[in-house]
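A.B. asks: The residues making up each chain are set out below.
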Amino acid sequence: MLTDIIKAYNEAVFETDKEAAFLIVDKALASGLTPEEVVFEVVIPAVEEMMSLITKDPDANLAQHFMTAQIASEVTEAMLAKFHHPPEVIGRVVIGTAAGDLHSLGKRIVIGCLKSLMVEVADLGVNVPAERFVDEAVGRNAQVIGISAMMVHTATGADGSLKVRRILRERGLEDRIKVVVGGAPYRFDGELYKTAGADAWAADGITAGRVIVDLIRQAKTP
Amino acid sequence: MTPLEILVAAATGQPAPRIPVFCNLLDQGARELGLSQKDYYARGENGAEAQLKMLARYGHDNVWSLSYVGVEAEILGCREILFDDEGSPNVADFVIKRYDDIAKLEVPADITTHPAWQRTATCMKVLRDEVGATHAICAYITASTTLPAILMGMEKWMELLMTGPVDLRDELLRKCSDFCAQELAAYRAAGANVLVYSTPFGTTGFVGMKRFLEWSLPWMKMDLAPGGVDGIVYYCGMAPFNNVIDIVRTELGIGVYYISPLADLAEAKALLGDRALTCGVIDDIKMIHWTPDQTRAEVKRMIDIGKPGGHFLFGTGVMPLAVPEANIRAMLDASFEYGRLP
Ligand code: B12
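Chains X and R are the protein sequences, given in the same order.
Letter 17 of the first sequence, counting from 1, is numbered 17 in my numbering, and no numbers are missing.
Letter 168 of the second sequence, counting from 1, is numbered 168 in my numbering, and no numbers are missing.
In case anyone wonders, no lab produced these hints; they're calculated from the structure.
Please read all numbers here as calculations on a predicted model, not as lab measurements.
Cβ coordinates follow ideal geometry from the N, Cα and C atoms, glycine included.
Careful: at least some of the hints might be erroneous.
Unchecked claim - Here are the computed distance ranges between Cβ atoms for each label pair:
| hint | chain 1 | residue 1 | chain 2 | residue 2 | range |
| --- | --- | --- | --- | --- | --- |
| 1 | R | Lys38 | X | Lys220 | 41 to 49 Å |
| 2 | X | Glu170 | R | Asp304 | 31 to 39 Å |
| 3 | X | Glu37 | R | Asp85 | 36 to 44 Å |
| 4 | X | Ser52 | R | Pro342 | 43 to 51 Å |
| 5 | X | Glu15 | R | Glu267 | 27 to 35 Å |
| 6 | R | Ala56 | X | Ser52 | 51 to 59 Å |
| 7 | X | Ala122 | R | Ala56 | 48 to 56 Å |
| 8 | X | Ala81 | R | Glu159 | 20 to 28 Å |
Generate coordinates for the entire structure from the input sequences, incorporating the hints supplied.
C.D. replies: Structure representation (structure tokens):
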């Protein structure tokens, strides 16, 4: 039965059909699955499935990324409220848009994916100063700072991720806190993340989930 | 031949001494005049002066009407633009903050009477008088399906598009399409001869094939129906669209395609052949760190693909300010050299 549920749920996500996805989740709960099982055996594998599908499918599109993230985070949130014990988070991330940049869609997709992967995410909003990225990461004990930028000048400018890198170095935090970047300019130049002083980048929200989980593992706990 | 004649020759497959070369220098204008971006964009005369100066210095084939995309939002009520001396201006105030605002959104009956249009009009008048007969004058027009992104932000627009309500979405699109058609007409009347129709939602990388066919295509038809496709360039904000080229050519009849640097240029050229003008577009984000030699090599690679059989233009995207002068020079020198025709 679980395999049927998983199959139906995956189809709904692939077709960007949120209503259908929720109907399947309701049915699964009614048939005796626990909220924990829904998250760990249906939702997370579905995000992972989408990761590999979208990477392979040349026709994968923004709408699918958006809806995968949206459905996964909404279902996860609904299930978390019903969990018997608070779930074990695998890590913590602070994410925002670089100083001078007001674009929020990319960040939102990334957040949606991370939530459903049991990563705790704090959304710092748009136009975030470098100091604040670091302060919030330290304050929240986060392993990763995620910085989204849609324009070249906010991606590689002096006030963005380069400044975050400088502050981390000055404060001796580089081992503990990793920097990941993403957004349109990085997709045109796969090397740009180095210019931006980041440890990694991801081309889309779903890949971002995987890259960030890897970085969390690399970050040394103090 | 004048640059305009060279462009027309490339589009129609007539003989010419070389391929046309577009270099889109928008934000560079402020630097050219030694002004802040904010002061630069405040007066239409500035745009014209800077474009003409850069044209004289580089010798490429096109100029741009004074434009940052936010002007469209300003005409529709946006009150704040974020200027940044390191890059492009950005819309900082969303006209549509809540769904209720969609009903209140008003498209002026005549956008050319709006104060925000006056700078554009001033700039266009100078350009038309100076180079209208000899050069390409480009204008940027956002398609109805993309305009909501600068009125409410991509995030809210994607949400409305994907999850409805559908009647609200369509009400917004009708207004945007009306605006788009008006803007196209206004630019044509002002003397623009190259109309860059910006339509990122006209790719399946944004919405998928089904939605492209059932939703994007009909709205694009609506945008373009009143004025026709003369001078229209299919441009998707540099997103790839090879897989819909054939459909767009057949269904919309557009004659010029601005191919993404992320797409296979040879494939695009093969798809279009002599049915339309293929524009090979260099990855100007990579030009930030390339050497002049690397830049030259890339220009050569692209022109080797595009030039055989004609119907080819070499161009740039929205050239980032961070691209070094030496690379702009190297790119232009190389494109004139390799773009020479027998
Ligand atoms: C749609 C689009 C537009 C639309 C909507 C803009 C808007 N307000 O949102 C319109 C047509 C209005 C537009 C206008 C402009 N645009 Co525009 N636009 C695009 C386009 C095609 C897609 C951007 C987008 O929304 N993608 C969808 C989002 C979700 O994708 P994303 O941000 O990349 O996010 C994904 C990944 O990058 C990743 N990710 C994102 N953030 C993060 C963070 C982390 C930590 C990680 C790990 C991953 C990650 O996951 C996300 C989800 O999958 C890009 C080119 C392209 N093909 O990408 C150009 C592009 C961004 N635009 C560009 C420019 C220059 C502009 C303009 C300034 C000028 C112009 N004439 O085009 C104006 C500015 C308008 C304004 N804001 O005031 C340039 C920017 C580069 C530069 N030169 O600085 C680009 C790159 C095109 C180009 N190559 O020239 N644009």
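A.B. asks: Give a verdict on every hint.
C.D. replies: Verification of the supplied hints:
{"no.": "1", "hint": "R:Lys38 <-> X:Lys220: 41 to 49 Å", "result": "45 Å, holds"}
{"no.": "2", "hint": "X:Glu170 <-> R:Asp304: 31 to 39 Å", "result": "48 Å, violated"}
{"no.": "3", "hint": "X:Glu37 <-> R:Asp85: 36 to 44 Å", "result": "54 Å, violated"}
{"no.": "4", "hint": "X:Ser52 <-> R:Pro342: 43 to 51 Å", "result": "50 Å, holds"}
{"no.": "5", "hint": "X:Glu15 <-> R:Glu267: 27 to 35 Å", "result": "28 Å, holds"}
{"no.": "6", "hint": "R:Ala56 <-> X:Ser52: 51 to 59 Å", "result": "54 Å, holds"}
{"no.": "7", "hint": "X:Ala122 <-> R:Ala56: 48 to 56 Å", "result": "52 Å, holds"}
{"no.": "8", "hint": "X:Ala81 <-> R:Glu159: 20 to 28 Å", "result": "22 Å, holds"}
Hint compliance for this structure: hints 2, 3 are not met, and every other hint is.
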